[in-house]
Amino acid sequence: MSNSQTERNGDVQKERSMALQKELVGGHFDALGRAKEEGRKVVYTFVPGNLTELMRSFDLLPVLPEINALQSGMRKLSGGYISEAEKQGHSEDVCTYVKCDIGMLKKGNVGPTGKPIPEPDLLLLSYTGCCTFMKWFELLKQEYEGCPVAMLHVPYQADGQVHSHYRDYIVEQLRSEVIPKLEQVSGQAYDEDKLRSNLTLSAEAEDDLVWVLESAKNVPSPIDAYFGGVYYIGPIFGAFRGTPEGVDYYRTLRSEIEERLANKQGPITPDGELDEERYRLVIEGPPNWTSFREFWKMFYEEGAVVVASSYTKVGGLYDRGFRHDATRPLETLADYCLGCYTNLSLPARVDLLEDYVRDYSADGFMINSVKSCNSFSAGQLLMLRQLEERTGVPGGFIESDLVDPRYFSAANIKNRIESYLQMLEQKRGAAA
Amino acid sequence: MTTDLAQLVERVSHLFEDLNFQSVRDWKSEEPGRHAIGYMPIYVPRELVHAAGMLPVGILGGGDRLEIIRGDAYFQSYICHIPRSTIELALTQRLEALDGMLFPSICDVIRNLSGMWQMLFPERYVRYIDLPQNFDPAVGGTFWRQELDTLRTDLGRIAGREITDRELQHSVSVYNENRRALRQLYEARSARPWLFPTSEVYLVLRAGTVLPVEEHTAIVRRYLELAPLEDDRREQDMSRVVLVGMFCEQPPLGLLITLERAGCWIVDDDLLLGLRWMGGDVPEDGDPLQNLVIAYLEQSAQTASVYQPEGRRGTWLVDSVQRNVAEGVIFCAPSFCDPALLEQPMLVAALEREGIPHTQFKYSENTGQFAVIREQAGTFSDSIRLWSEA
Amino acid sequence: MKVFIGIDLGSTTTKAVILDGKANVVGRGITNSRSNYDVASQIARQEAFVQARFKLTRDAISADSELSGVEELFLPLLDRKFRLNHHVEELDRLAIELHNAADGPRHAAYSGSLHELLDEIVGEMRQRAGKHFGALAMRKSEFFRDLAAADYMQLAEEQSDPKGITFETLTGLFDQAILPVENSTSAAALEQLIDEAMDAALEASQVSMAKRVDRLRGAVDAARAEVLDEVATVGTGYGRQRLPFPKEHIRSEILCHGLGAHTMFPETRTVLDIGGQDTKAIQVDDNGIVTSFQRNDRCAAGCGRYLGYIADEMNLGVHELGPLAEKSTCHVKINSTCTVFAGAELRERLSLGQKREDILAGLHRAIILRAMSLLARSGGIEDQFTFTGGVARNPAAVTALHDLVDENYGERTTNISADSIYTGALGAALFAQRGHQEAA
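Protein chains in written order, with numbering that gives the first Met the number 0: chain A, 0 to 431; chain B, 0 to 389; chain C, 0 to 439.
These are calculated hints, taken from the structure and not from any lab test. Everything numeric in this text was worked out from a predicted model, so none of it was measured. Relax, there's no trap hidden among the hints.
When the alpha-carbon atoms are kept at most 20 Å apart in a straight line, the in silico DMTMM-like pairs for lysine to aspartate or glutamate are as follows: (1) A:Lys86 with B:Glu351; (2) C:Lys326 with C:Asp402; (3) A:Lys426 with C:Asp284.
Simulated coverage check for chain B against chain C, where a stretch passes if three residues somewhere in it have a Cβ under 8 Å from a Cβ of chain C: (4) 61-72; (5) 367-375.
Beta carbons are placed, not taken as given, at the ideal position from N, Cα and C, and that holds for glycine.
Work the whole structure out from these sequences, hints included.
Structural data, given as structure tokens:
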């Protein structure tokens with residue numbers, strides 16, 4: 000794929016930021032493993048609309064069941080967990096993140112480090128952009144009967160706007176519902192200064208993340224903003240927003256990408272550095288996790304690079320200008336929750352993707368429609384038509400699932416991707 | 000059947016089968032300047048629409064009579080059926096009588112459908128009704144009041160006049176009438192289900208989604224008088240069941256008939272729950288908007304799409320079983336219905352704690368075959384009767 | 000002569016098309032796909048080469064003004080002679096394989112009488128071969144497997160003995176023997192069969208042609224001397240990943256179908272292809288370049304395979320479904336095209352007393368409804384509209400399609416070619432030919 004020089008560089012770079020990330024995540028799971036003996040409290044919550052800075056200001060440790068589910072998917076454990084949940088009466092029709100999580104719980108709740116994840120002291124139901132979240136934590140509540148639940152209802156941006164009463168509603172819920180429960184669980188009083196300093200760190204890391212994601216505007220792109228992007232968003236969507244470690248990670252990552260850019264290097268793939276960028280794509284929808292590598296390979300072996308994706312915005316749309324603002328701590332958390340990608344209306348999503356196709360000089364766009372997630376998937380076929388009309392660029396459509404291995408048909412998906420890329424090639428040939 | 004009842008049933012059946020919403024078109028053409036506003040399940044404050052002099056119209060999919068040609072082009076195979084047929088109705092000009100559409104927060108599919116509507120029909124009024132999931136009057140109540148205020152202003156703009164408090168108070172009172180009539184109907188059916196077969200009750204109820212509320216209340220009352228006059232409706236040895244899961248996508252009528260033929264009296268259900276959303280009356284005096292807000296916070300039906308703070312899911316179901324002296328519960332949910340299917344294991348757990356028997360199956364609005372359901376429901380009915388005799 | 004080959008490896012059949020340097024079709028071949036895609040593509044190719052040779056012969060004859068009209072008599076004759084020879088040659092190989100199989104240890108007890116019986120059966124099959132290839136013969140299939148199986152099974156049933164050599168024993172032997180026969184025709188053997196058929200056809204023309212026979216021989220000899228120089232091959236279709244070609248010689252079937260349909264009907268803008276297990280809706284521009292496409296999702300509901308299940312369930316041949324559905328007077332509405340539920344729904348409807356033809360008409364409409372939604376997803380139906388794939392040969396499906404297109408899009412010119420099954424292979428061959436031109 001590349002000469003030995005760049006390959007060595009690739010490995011070195013991979014080591015720096017990847018190792019850092021591995022350290023962060025490993026450290027977090029270790030802390031979780033020790034939480035009970037050290038008397039630290041654990042809060043379960045979701046990625047979209049997560050209130051990491053606030054939780055951290057109470058010294059609480061976040062656990063994100065979606066991340067556990069996707070990691071189970073990557074470790075090929077999700078299939079077994081899902082069957083376990085279905086055996087317990089969960090329908091085959093519903094979200095496999097939920098079933099994977101329930102199945103994992105039934106089988107001892109062992110996390111990626113091999114140690115059990117501690118039980119929650121609080122279920123912080125950040126009800127943002129996904130109706131299934133509510134049912135998910137109601138189901139967990141049945142498992143952890145004594146555990147309190149804090150519900151944070153984030154209104155949907157149905158008409159593409161944040162109305163001031165939405166923000167007020169969220170801030171009021173933070174004051175009357177979320178903060179009191181965090182205080183009660185942690186035994187600490189709400190400390191706004193601490194929250195402010197966390198928020199300042201968030202904004203710093205967000206600047207660097209945005210720089211990294213936008214580096215894909217360069218031709219060739221130094222990153223893959225989807226398959227690589229899911230790694231880049233890991234710390235900030237997970238437990239490390241508003242932490243010094245998070246800031247450090249993004250500073251390191253940015254300097255690596257700066258270097259790649261200066262050297263005109265393409266993205267790193269599991270098979271080494273991509274040496275020819277043949278197609279630039281925008282992708283809508285989450286990836287498949289059970290066959291993540293195989294899925295990625297279907298793109299990079301054709302020279303297809305993803306230059307922008309909506310999935311990497313489920314935990315916040317920083318590239319559209321939003322930054323956590325320490326001067327208005329609760330209001331900024333409200334704005335953050337309101338702005339997550341899955342909380343946007345369909346027309347707003349189409350607008351965003353249209354901009355991505357143009358701003359990132361994409362040759363095409365592709366939708367990976369996942370069975371589990373109606374928040375993403377319902378309406379994607381209309382989005383496809385609208386985007387084709389508005390951009391004049393043809394779209395591709397593939398179907399899979401998040402973590403249900405039964406819904407990843409490799410031959411079928413590969414066939415579609417190839418057909419699609421060949422169509423782009425043919426059109427390009429005709430235009431030339 | 001007496002002529003009077005036969006006529007009533009024919010009328011409501013006709014309304015049910017009319018996929019062109021002719022009755023709504025007729026209502027609009029009776030007076031120039033009239034407007035109609037569509038709404039999807041579950042709950043919308045119909046009082047506001049009524050107070051604006053408009054007709055609220057329930058849009059509940061296309062049932063099993065509509066051939067889906069364009070609607071399928073918009074949805075993947077793993078998405079439920081109601082959005083396909085709803086799009087189909089709209090794309091085939093069957094919803095031309097509607098001046099706007101309200102999409103309550105049932106689930107992500109219906110939520111996204113509101114966005115699809117905005118893109119497909121940019122000239123029409125569309126509003127997503129984000130029901131509050133916080134029940135503190137100062138928090139969720141304030142939010143909900145602002146949402147209702149916006150809706151009130153929007154509807155007033157379409158109507159060409161402001162909606163006054165007096166009009167709204169009047170609307171609350173006519174809807175209270177309707178709710179009382181429906182409560183009576185449900186109580187009457189629970190007491191003597193053989194007089195009020197659910198396949199008929201459903202049609203009477205369903206008429207309430209297209210008729211002006213005053214007219215619907217009269218039909219319900221009339222039905223309550225007429226149905227008991229039928230000589231051939233006699234008590235039979237059948238089991239009493241509560242039916243759950245049908246709050247959004249509608250079952251085909253054949254499914255309800257099948258359940259009754261299989262030996263099940265349906266003594267409670269969550270069919271067309273929005274018409275019966277409030278447990279009691281909404282206060283008629285004082286600030287009518289605030290009354291609607293407080294009624295929502297305090298009197299809402301419990302269903303899968305509404306959060307229940309700190310509560311155990313399913314208490315309402317156990318209550319219903321006990322109140323209606325039911326012997327079992329049938330979970331009958333649409334395929335791919337996230338809220339109903341995710342809720343089900345919690346409801347099952349609640350029933351099992353009380354030792355209440357249950358069975359379950361799935362349908363879609365256009366299911367055409369009931370053989371399996373007939374057999375399953377029949378077996379269930381037989382087994383719970385044996386069980387309750389033992 | 001330079002030729003370009005396109006091969007379409009479908010889930011049910013494998014097709015080959017040969018083009019000359021000017022993109023004229025000179026030969027086509029088709030065979031049933033089998034577990035071995037290599038062999039399937041070899042056989043389809045060989046058949047296309049036979050056709051190409053015949054086409055050259057036809058062209059050579061018609062090029063001679065003195066032989067005007069002779070090709071219309073000579074070619075059918077040649078075709079029959081060749082097919083008969085080929086069939087007999089395959090029967091010879093079948094006999095050998097049957098005897099090999101009969102030598103297995105399981106048959107030791109009655110080995111002697113088994114060999115005798117097989118000789119008798121194959122002997123009778125040889126007798127019947129002529130009938131299959133008479134001038135007016137109607138063959139149920141063009142595949143050796145099908146023709147031989149029909150004869151063999153009938154004879155085996157007559158000659159088997161429940162107490163001695165059973166019918167099951169005989170069918171077991173056939174199943175064992177047919178595979179190597181199907182999979183081992185060599186190109187050289189075929190060339191020789193063609194040669195022999197040409198000689199035999201010339202021989203047979205001797206009397207009627209009288210003095211012109213030498214001119215005819217001259218034309219035929221010129222045609223057989225022509226070297227077919229295989230310049231480039233492109234593969235496509237469901238099984239294309241398994242073709243033994245370099246990657247650059249493989250094209251997606253979407254592109255091939257688009258280009259193939261455009262070539263057959265140059266005004267085509269929308270293509271619908273319903274194959275064995277996949278349905279495609281394709282939009283093309285005025286150069287046959289694909290602008291948008293949609294395929295069915297992961298389940299095979301509404302594809303040709305679904306009709307196969309229905310046919311099995313009704314105990315009918317898949318080709319009988321369409322004509323039967325055409326007899327319907329009252330359509331039944333079918334809501335599910337799910338292959339998993341098809342059987343149950345069918346039985347329930349039959350038990351309700353609904354008529355077979357009415358149910359079938361409903362099923363055909365349901366399949367086309369699925370296709371309509373794919374078409375809508377891909378951007379609708381523009382004029383002209385071309386329908387391809389195995390299901391395009393089913394009259395009830397075509398009727399349902401016409402109705403639904405009319406109802407939803409108004410009048411559209413709908414093209415269906417008798418050769419529509421070769422659309423993908425034709426597109427592939429065109430890619431081979433264009434690729435060569437560009438490189439040149």
